[in-house]
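Residues in the sequence shown are numbered from 1 upward in steps of one, following this note's numbering.
Do not take every clue at face value.
Claimed, not checked - Dumping the calculated EDC-like pairs for lysine to aspartate or glutamate here, alpha-carbon to alpha-carbon at most 20 Å: (1) K407 with D470; (2) K224 with E6; (3) K282 with D262; (4) K407 with E465; (5) K407 with E219; (6) K7 with D27; (7) K407 with D218.
Everything labelled a hint here was simulated from the structure, so no lab data went into it. Nothing here was measured: the structure is a model prediction, and the numbers come from that model.
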Amino acid sequence: MQDFSEKIQQVHNEQLGRHLVANMHIDAGDTLLEERPLLVAPHWECSQLKCSQCMQESYVMCRRCQVFPLCMDCDQHSDFECEFFASGAGSGICKDLLVKNYGICALLKLLLLLEDPTTRDDCQSLVERPVKLEDYSDTEGMWQEHEEQVVRPLLASGLAGAMPAQQLTADVLHAHCIRIDCNAFEVTGRDGETLKGVFVCGAGLPHHCVPNTVVALDEQFNMKLYAAVPLSAGDVIYNSYANPLMGTSQRQHQLRLSRHVDCRCSRCCDATEMGTHMSSMKCRECSAGFAICELGPDGSGDWRCLDCSAVQPAVDVHELLAEVGGALVEAKGDLQVYESLLVRYKQLLHPNHFLLLDIKQNIASILRAAALMNSMETPCKKMLARRVELCSDLLPVCRAVVPGLSKLYAIALFEYLLALIELIELQFAESDLSKKEYAAQLRIGSQVAKEALDLLRFEPENSAEGYLSDRISMELERIDSDLMKYGGR
1 MQDFSEKIQQ VHNEQLGRHL VANMHIDAGD TLLEERPLLV APHWECSQLK CSQCMQESYV
61 MCRRCQVFPL CMDCDQHSDF ECEFFASGAG SGICKDLLVK NYGICALLKL LLLLEDPTTR
121 DDCQSLVERP VKLEDYSDTE GMWQEHEEQV VRPLLASGLA GAMPAQQLTA DVLHAHCIRI
181 DCNAFEVTGR DGETLKGVFV CGAGLPHHCV PNTVVALDEQ FNMKLYAAVP LSAGDVIYNS
241 YANPLMGTSQ RQHQLRLSRH VDCRCSRCCD ATEMGTHMSS MKCRECSAGF AICELGPDGS
301 GDWRCLDCSA VQPAVDVHEL LAEVGGALVE AKGDLQVYES LLVRYKQLLH PNHFLLLDIK
361 QNIASILRAA ALMNSMETPC KKMLARRVEL CSDLLPVCRA VVPGLSKLYA IALFEYLLAL
421 IELIELQFAE SDLSKKEYAA QLRIGSQVAK EALDLLRFEP ENSAEGYLSD RISMELERID
481 SDLMKYGGR
């Protein structure tokens, strides 16, 4: 199921456990690992049946086993799954098992893989990973979600009796749920719905908030892991399991919940967050200063101004962040509310603060959606210019937090490109730009498109990013065509 590059090797130490390191120089873009998913399944809370074979929406059941859903295009699924419920040990279990309890789908698939002699070995490195149940039993709803949607229904179904060798108890099932969550990447089905893809090796890489690898997933949910930056012999292969556009305390909170990890990477230990100041506050004492968190041994501390050394107590900062977070929830997609929040809180937060970036992203998304909804009407130049400004604000932060080959930065460039081209085409059509000025702006757009394409050049063709590359290439052709007309080469 995994194919490792000869340029990396598996090693073990007490801090990281089993992990991968480079054993020679590796260039950015070099493939390090290719892996097929152990299983793909809906999220625990999903209630819409999905085809067991292709994971698209399903409204019919397999005629033979009558347990697993199929779609109109698929007439079969795993032979072992089907046989188990049709005439095997699970034949006496209620045929409505998944119809009534679809939340158990991911765990059921794992249990069947463990039951099948031909796939059991593929699961061993996953199920052998120790899980401290006491660390998760009070984790903000995760345990309760597993208990109500997965563990209780599965035990009540009688499935444990049909799999006696696995000795299934509530604790065993909870541990499996945690292993699934901790080793899953979000993958996208052909219908656009998000799913869990469990990868035994790829999702087991140690975490770093500034990863040195890129995860690529194609339409068949196959993973390709490639180097984001040049690597030297001995370098640990890292992935990131946190949102890079979150501040440090928010990333760490997310990691504790999802993977029970206390991150102390270089970004987390840098109060300026690699110079982005995504968690910095405006000083309340001097006009130009910014306050950064004085990180203590426990990762917390007060905020101190870099210019005048004035202190903002941590409790005050956290109260403000909670206030802004609550206001964002209450905004509910209202453009004017977001704009007013931006005006209000930019007086208190660094321009690159993650909450201001969140507000800007929301505004840009609303403006883009409005343009798409009113595609037959001439767009407002003021609205387009605002979108260009917002997208431009996001670019340097996206570039800084994910260095090297970065899908995040490529997508940010694409959004900026769309806004820029739409604006300058309208300005040129209404004679606000001369031919020379229009050509100059087109050249900027051309460079943006080429940079985005360069960042995505190692993505599989049949992936979301591969299709994005096609879209960017089409934009570049359009730009070059206009340049030939109005600006030469």
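Hint check results:
Pair hint K407 plus D470 holds up; C-alpha atoms about 15 Å apart against a cutoff of 20 Å. Simply put, K224 and E6 have alpha-carbon atoms about 15 Å apart, close enough for the 20 Å limit, and the pair holds. With a C-alpha separation of about 28 Å, the suggested pairing of K282 with D262 is violated against the 20 Å cut-off. Under the criterion of a C-alpha separation no larger than 20 Å, the hint pairing K407 with E465 is consistent with the structure, at around 8 Å.
A threshold of 20 Å between alpha carbons decides the hint, and for K407 with E219 the separation of about 17 Å falls inside it, so the pair holds. Taking the CA atoms of K7 and D27, the gap is about 10 Å. The hint holds against a cut of 20 Å. Taking the CA atoms of K407 and D218, the gap is about 14 Å. The hint holds against a cut of 20 Å.
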